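Novice: If you want the building blocks of each chain, they are given just below.
There are 2 protein chains.
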Amino acid sequence: MTTTGRPEAPGAYEPVLDRLGDQTGLRPSERKVAAVVAERPGEVAAMSMAELAGAAGVSEPTVMRFCTTLGFGGFQDFKFGLARELAVGTPVTHSAIEVDDPPATLVTKIFDHTLSSLDRTRRSVDTAQVERAIELLLAADEALFVGQGASGILAQDAAQKGVLFGIPCAAHADLHQSFMAAAVAGPGTVVVAVSHTGRTTAVLDIARAAKENGATVIALTGEQGPLVELADCALVLQTLEDTNIYTPTISRLAGLVLVDVLATGVALRRGPEHLERLARMKEGLSRFRGSTD
Amino acid sequence: MTTTGRPEAPGAYEPVLDRLGDQTGLRPSERKVAAVVAERPGEVAAMSMAELAGAAGVSEPTVMRFCTTLGFGGFQDFKFGLARELAVGTPVTHSAIEVDDPPATLVTKIFDHTLSSLDRTRRSVDTAQVERAIELLLAADEALFVGQGASGILAQDAAQKGVLFGIPCAAHADLHQSFMAAAVAGPGTVVVAVSHTGRTTAVLDIARAAKENGATVIALTGEQGPLVELADCALVLQTLEDTNIYTPTISRLAGLVLVDVLATGVALRRGPEHLERLARMKEGLSRFRGSTD
DNA sequence: CGAACACATGTAGTAGAGCTACAGGAGGAG
DNA sequence: CTCCTCCTGTAGCTCTACTACATGTGTTCG
Chain A
1 MTTTGRPEAP
11 GAYEPVLDRL
21 GDQTGLRPSE
31 RKVAAVVAER
41 PGEVAAMSMA
51 ELAGAAGVSE
61 PTVMRFCTTL
71 GFGGFQDFKF
81 GLARELAVGT
91 PVTHSAIEVD
101 DPPATLVTKI
111 FDHTLSSLDR
121 TRRSVDTAQV
131 ERAIELLLAA
141 DEALFVGQGA
151 SGILAQDAAQ
161 KGVLFGIPCA
171 AHADLHQSFM
181 AAAVAGPGTV
191 VVAVSHTGRT
201 TAVLDIARAA
211 KENGATVIAL
221 TGEQGPLVEL
231 ADCALVLQTL
241 EDTNIYTPTI
251 SRLAGLVLVD
261 VLATGVALRR
271 GPEHLERLAR
281 MKEGLSRFRG
291 STD
Chain B
1 MTTTGRPEAP
11 GAYEPVLDRL
21 GDQTGLRPSE
31 RKVAAVVAER
41 PGEVAAMSMA
51 ELAGAAGVSE
61 PTVMRFCTTL
71 GFGGFQDFKF
81 GLARELAVGT
91 PVTHSAIEVD
101 DPPATLVTKI
111 FDHTLSSLDR
121 TRRSVDTAQV
131 ERAIELLLAA
141 DEALFVGQGA
151 SGILAQDAAQ
161 KGVLFGIPCA
171 AHADLHQSFM
181 AAAVAGPGTV
191 VVAVSHTGRT
201 TAVLDIARAA
211 KENGATVIAL
221 TGEQGPLVEL
231 ADCALVLQTL
241 EDTNIYTPTI
251 SRLAGLVLVD
261 VLATGVALRR
271 GPEHLERLAR
281 MKEGLSRFRG
291 STD
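Chains as they are written, first to last, in the UniProt record's numbering: chain A, 1 to 293; chain B, 1 to 293.
Between beta-carbon pairs, the in silico distance windows are:
#1 A:GLU276 to B:THR68: 44 to 52 Å
#2 A:ALA50 to B:ALA128: 40 to 48 Å
#3 A:VAL99 to B:ARG31: 49 to 57 Å
#4 A:ASP100 to B:ALA183: 37 to 45 Å
Just a few of them, taken from the derived set where beta-carbon distance is under 10 Å, the chain B residues facing chain A:
#5 LYS79
#6 ARG122
#7 THR127
#8 ILE134
#9 ILE153
#10 ASP157
#11 THR249
Beyond 10 Å from chain A on every Cβ pair, some chain B residues (computed):
#12 LEU26
#13 LYS32
#14 ALA55
#15 PHE75
#16 HIS176
#17 ARG208
Quick caveat, the hints were computed from the structure, so don't treat them as lab data.
Predicted model, so just to flag it, every value in this text is computed and none were measured.
For every residue, glycine included, the Cβ atom is placed at its ideal position computed from N, Cα and C.
Could you build all of it, start to finish, from the sequences and the hints given here?
Specialist: This is the structure in structure tokens:
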């Protein structure tokens with residue numbers, strides 16, 4: 001965006017609630033403020049300075065100091081940061097799922113966690129690599145999506161977007177088939193290797209085989225590692241630390257969105273007549289409702 | 001939450017930017033304000049009343065009237081609403097994808113759209129139906145996930161969460177297999193029928209067959225329709241109007257998150273020893289890195 | 001065709017918000 | 001015990017958001 005200090009959108013983003021925990025560097029009375037904020041962030045977002053000061057049992061300047069200590073320009077700035085964080089969903093760290101949560105709470109917590117996690121992922125996406133991936137896909141004659149387990153589903157999803165990519169796309173359920181396809185690949189093939197861990201051996205083997213045949217390899221992964229080193233282009237998706245039971249979903253969601261970005265990017269660059277074909281196809285699809293989705 | 005008029009979190013939620021388009025009911029000079037807000041919402045969120053008035057070329061009370069006309073309590077309230085909406089991502093309606101968008105813009109727009117769309121979906125989820133679905137799954141002996149095309153991938157993903165559900169889960173790539181499975185289903189079987197349109201004939205047939213055999217049917221769909229009428233429990237996910245090329249993804253993402261909610265809900269209710277088994281399994285998985293994801 | 005009305009807009013004024021400079025007081029070191 | 005340092009609250013200032021009122025403009029009806 002801009003490089004001025006004046007925030008265009010509400011400020012450079014650093015998690016607010018996270019920092020309330022490590023009270024190092026916070027003065028004693030400021031911790032009272034932190035406690036109130038951590039306890040009822042929603043209410044605090046609607047409070048005035050005097051109200052928050054009263055609720056915490058301190059004076060107004062203390063609240064002010066609390067804000068500046070946290071790195072905000074002032075109380076207003078702090079409130080916006082808080083509102084922003086609340087809007088995007090309370091990170092699960094602060095609202096861990098409990099065994100006796102009713103379904104309504106469960107829905108809220110999981111959606112919140114998903115939203116805030118996707119939000120963070122967005123900020124970590126390397127657009128240069130995305131651009132490169134789009135170019136590689138544009139130059140390719142065919143694409144092969146490879147992944148195992150959860151990542152396999154992501155690969156299949158990507159392959160379904162073949163019409164957008166405008167080239168033949170495949171994602172084999174069986175990795176042996178993928179290996180065979182990679183073994184006969186040529187310079188015109190792009191292999192998109194999906195692996196959350198970045199070290200799935202089967203996927204690595206396939207990527208390596210493809211590369212030896214002169215094919216291009218795009219890595220879609222969650223961590224640095226052997227797959228990234230091997231690939232011509234690496235899309236690394238940072239998600240929140242995976243600590244919970246239901247975790248792998250987040251990275252998969254982030255992957256899906258990124259595949260969307262790639263597909264859309266490629267489709268747009270293929271020019272107007274390609275987009276027209278897509279529109280016609282969509283129209284046709286909707287007319288023959290009842291057999292597809 | 002609370003039932004008081006005083007907003008706990010920043011206000012009852014109604015899209016702000018959407019309403020800037022239909023300028024019916026807006027006074028001429030208020031439209032100048034609306035234009036500025038629609039054009040540079042990010043900057044506006046950081047402006048004071050005087051600044052916005054200056055930017056729009058009107059007086060401060062006009063800005064004030066603009067806010068109240070939109071249904072906000074005042075300028076502050078409006079700013080919070082705006083900030084909230086910006087935080088969660090600008091809906092694509094207001095930042096449609098252009099052919100010449102650079103990748104960075106593409107990433108931002110698509111992520112924004114996804115986030116805001118998921119945000120809306122969250123608000124429309126019927127928690128009573130979620131609770132019912134969880135109960136049905138808890139009572140079941142086995143689960144069968146059915147879907148075609150994009151929804152098929154969703155079904156597969158759900159089936160992969162079988163360990164969480166704690167019962168045998170299947171999702172056949174071939175719908176004939178699904179039909180056969182449904183044909184031999186009994187009262188202990190839960191069929192989760194996934195269809196974005198809610199009128200996919202093949203899926204409907206399978207659901208109907210299962211129901212005739214006494215199985216329970218949970219519908220996971222995007223619209224009211226025959227599937228919902230047929231089902232014992234209907235999870236209807238409202239997403240933004242599907243107008244764009246890359247649309248189906250949103251509904252699929254929403255579906256994934258909801259499946260997450262179901263899986264987590266079921267797992268939690270199965271009791272501590274089930275959770276322990278899960279933890280052990282996860283640990284085992286991470287140790288044998290290199291073959292799974 | 002003109003007068004009166006209603007509506008839209010800006011001007012003036014007020015209470016309170018956020019922020020700053022300064023002084024008092026508690027706690028620890030010498 | 002005394003001094004120094006850091007923390008906290010008091011007092012005051014500026015500018016903000018908001019309200020009441022007056023002016024102007026467009027429209028309708030006699």
